[in-house]
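A.B. asks: If you want the building blocks of each chain, they are given just below.
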Amino acid sequence: MRKLDQKLIRDLSHLKAQAIAIIFVIAAGVATFVMSMCAYKSLEESKEVFYREYRFAEVFAETRRSPNALIPRIQEISGVAAVETRLVYDVLLDVPEMAEPAIARLISIPQSTGPQSDTSRLNRLYISRGRMLEPNRTGEVVVSEIFADAHGFVAGDRVDAIINGRT
Amino acid sequence: MSTSTQTAVFRALDIAKVYQMGQVDVHALRGVSLELFDHEFVVLLGASGSGKSTLLNILGGLDVPTSGTVHYRDKELTASDDNDLTRYRRENVGFVFQFYNLIPSLTALENVELITEIAKSPMNALDALDLVKMKERANHFPAQLSGGEQQRVAIARAIAKNPKVLLCDEPTGALDVHTGIVVLEAIARINRELGTTTVVITHNAAISKMADRVISLSDGQISGVQTNHSKVSAAELTW
Numbered sequence: 055m056r057k058l059d060q061k062l063i064r065d066l067s068h069l070k071a072q073a074i075a076i077i078f079v080i081a082a083g084v085a086t087f088v089m090s091m092c093a094y095k096s097l098e099e100s101k102e103v104f105y106r107e108y109r110f111a112e113v114f115a116e117t118r119r120s121p122n123a124l125i126p127r128i129q130e131i132s133g134v135a136a137v138e139t140r141l142v143y144d145v146l147l148d149v150p151e152m153a154e155p156a157i158a159r160l161i162s163i164p165q166s167t168g169p170q171s172d173t174s175r176l177n178r179l180y181i182s183r184g185r186m187l188e189p190n191r192t193g194e195v196v197v198s199e200i201f202a203d204a205h206g207f208v209a210g211d212r213v214d215a216i217i218n219g220r221t
Numbered sequence: 004m005s006t007s008t009q010t011a012v013f014r015a016l017d018i019a020k021v022y023q024m025g026q027v028d029v030h031a032l033r034g035v036s037l038e039l040f041d042h043e044f045v046v047l048l049g050a051s052g053s054g055k056s057t058l059l060n061i062l063g064g065l066d067v068p069t070s071g072t073v074h075y076r077d078k079e080l081t082a083s084d085d086n087d088l089t090r091y092r093r094e095n096v097g098f099v100f101q102f103y104n105l106i107p108s109l110t111a112l113e114n115v116e117l118i119t120e121i122a123k124s125p126m127n128a129l130d131a132l133d134l135v136k137m138k139e140r141a142n143h144f145p146a147q148l149s150g151g152e153q154q155r156v157a158i159a160r161a162i163a164k165n166p167k168v169l170l171c172d173e174p175t176g177a178l179d180v181h182t183g184i185v186v187l188e189a190i191a192r193i194n195r196e197l198g199t200t201t202v203v204i205t206h207n208a209a210i211s212k213m214a215d216r217v218i219s220l221s222d223g224q225i226s227g228v229q230t231n232h233s234k235v236s237a238a239e240l241t242w
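These protein sequences, in sequence, are chains F and E.
Each residue of the first sequence is one higher than the last, beginning at 55 in the numbering used here.
Each residue of the second sequence is one higher than the last, beginning at 4 in the numbering used here.
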């Protein structure tokens with residue numbers, strides 16, 4: 055063994071406690087780094103998987119007075135893989151605990167969706183509580199979880215809405 | 004002794020060294036010219052601050068002069084770059100300092116072997132220790148050795164690579180008389196038996212009796228050169 059290496063080993067053995075402490079600190083640092091990189095990667099992956107499975111749209115566009123007959127023409131635009139149209143309408147909600155009426159945005163759900171899970175072509179909903187809307191039944195909505203939690207709504211609760219001036 | 008027939012190992016011509024200490028220029032050497040010859044034992048004598056360490060460092064390639072030229076045989080040290088000087092030191096020069104600069108975590112033998120590992124044509128490390136009568140203590144660590152013993156190990160380390168010149172900067176400066184003499188005997192033996200050109204710096208005039216030539220320095224200039232026709236052995240020195 056070269057004498058300089060021998061010196062290094064002896065010097066390190068004299069500083070055993072410090073050397074071990076340094077090794078632990080470095081190991082802890084590396085472990086923390088690896089753990090956070092893993093967490094970041096898996097979050098990223100989960101996000102991708104969620105977007106893919108629930109077919110999250112990449113482009114949103116708003117039009118007014120557009121008939122369904124426009125759909126084939128939108129479909130023809132180069133690069134468009136899937137089109138789905140929805141009606142979006144702002145309404146007033148009469149939430150009992152609020153002094154002033156709340157403004158809610160109603161978004162239609164395509165009629166073809168299944169009863170247990172959303173089978174829309176794009177922007178499928180993830181139902182965490184309750185069930186999906188049943189086709190041909192009126193007066194049902196799916197609300198966002200944050201909204202429901204904020205007002206203490208549970209599945210089956212009733213809330214009045216004023217749509218186009220009618221309750 | 005006639006020096007004119009000998010080959011000059013070192014030729015220094017009109018060297019000056021100026022250190023800048025803030026606003027003040029310190030002139031450590033002011034125009035020193037000298038020649039050192041093969042196998043010669045030279046003592047550089049001078050008070051502290053006379054420039055003798057600066058001169059030795061320049062000869063040893065540790066420092067470069069502000070002006071003037073220094074030749075080691077055919078090699079102009081003053082025209083060499085850092086890498087050249089490193090190679091020059093590694094291949095030709097052995098240094099001994101006042102404070103031994105041994106590596107504490109290596110034994111005496113290992114301290115010498117550190118050098119023999121990288122030298123071109125080194126002697127056996129144990130032989131080097133034998134030359135300074137330290138063979139028996141080869142496996143002791145520096146902390147287990149006295150100052151004189153450590154200095155002898157430092158000398159063994161300096162000569163183990165078979166250097167052409169041995170430069171010693173106050174080798175006995177930190178030692179008592181008795182130990183100092185043992186160390187000087189070791190240096191004289193190297194000079195005598197290996198023919199290594201040896202330069203010893205000291206402020207102790209008594210040591211100059213063992214030299215072939217004594218060069219006195221004061222205030223950065225050579226103030227006198229004295230040739231000893233009869234050298235005194237280290238053992239006969241007293242101070």
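No lab work stands behind these hints, which were simulated from the structure alone.
Possibly wrong hints are sitting among the right ones.
[Claimed, not checked] Simulated crosslink set (BS3-like; lysine-lysine; CA at most 30 Å straight-line):
#: 1; chain 1: E; residue 1: 138; chain 2: E; residue 2: 167
#: 2; chain 1: E; residue 1: 136; chain 2: F; residue 2: 61
#: 3; chain 1: E; residue 1: 212; chain 2: E; residue 2: 123
#: 4; chain 1: E; residue 1: 167; chain 2: F; residue 2: 61
#: 5; chain 1: E; residue 1: 78; chain 2: E; residue 2: 138
#: 6; chain 1: E; residue 1: 78; chain 2: F; residue 2: 61
#: 7; chain 1: F; residue 1: 61; chain 2: E; residue 2: 123
#: 8; chain 1: E; residue 1: 167; chain 2: E; residue 2: 78
#: 9; chain 1: E; residue 1: 78; chain 2: E; residue 2: 136
#: 10; chain 1: E; residue 1: 234; chain 2: E; residue 2: 212
[What the hints assert, rightly or not] Part of the chain F face toward chain E, derived, beta carbon under 10 Å:
#: 11; residue: 57
#: 12; residue: 58
#: 13; residue: 60
#: 14; residue: 64
#: 15; residue: 65
#: 16; residue: 67
#: 17; residue: 68
#: 18; residue: 70
#: 19; residue: 124
#: 20; residue: 145
#: 21; residue: 183
We treat Cβ as the ideally placed atom computed from N, Cα and C, and that holds for glycine.
A.B. asks: Go through the hint on residue 68(F) and say holds or violated, using the shortest Cβ distance to chain E against 10 Å.
C.D. replies: 7 Å, holds
A.B. asks: Hint check: residue 167(E) vs residue 78(E), CA-CA at most 30 Å. Holds or violated?
C.D. replies: At roughly 14 Å apart (the allowed maximum being 30 Å), residue 78(E) and residue 167(E) satisfy the hint.
A.B. asks: Keeping to a limit of 30 Å between CA atoms, is the pair of residue 136(E) and residue 61(F) held or broken?
C.D. replies: With a Cα-Cα distance of about 24 Å, the restraint between residue 136(E) and residue 61(F) holds, given a limit of 30 Å.
A.B. asks: Sort out whether residue 167(E) lies within 30 Å of residue 138(E), counting only the CA atoms.
C.D. replies: Roughly 23 Å between the alpha carbons, so the hint for residue 138(E) and residue 167(E) holds.
A.B. asks: With chain E as the partner, please determine if residue 58(F) meets the hint condition of a C-beta pair closer than 10 Å.
C.D. replies: 7 Å, holds
A.B. asks: Hint check: is the beta carbon of residue 57(F) less than 10 Å from a beta carbon of chain E?
C.D. replies: For residue 57(F), the interface hint holds, since the closest Cβ of chain E sits about 4 Å away, which is under 10 Å.
A.B. asks: Please check whether residue 124(F) passes as an interface residue: C-beta within 10 Å of a C-beta belonging to chain E.
C.D. replies: 78 Å, violated
A.B. asks: Residue 78(E) and residue 138(E) were given as a pair; does the straight-line alpha-carbon distance stay at or below 30 Å?
C.D. replies: 36 Å, violated
A.B. asks: Identify whether the interface hint at residue 183(F) stands, where standing means a beta carbon of chain E within less than 10 Å of its own.
C.D. replies: 70 Å, violated
A.B. asks: Straight-line Cα separation of residue 234(E) and residue 212(E) no greater than 30 Å?
C.D. replies: 6 Å, holds
A.B. asks: Can the restraint linking residue 167(E) and residue 61(F) be considered satisfied, given a maximum Cα separation of 30 Å?
C.D. replies: 28 Å, holds
A.B. asks: Under the criterion of a CB-CB separation shorter than 10 Å, is residue 145(F) in contact with chain E as hinted?
C.D. replies: 83 Å, violated
Hint violations for this structure: numbers 3, 5, 6, 9, 18, 19, 20 and 21, all remaining hints satisfied.
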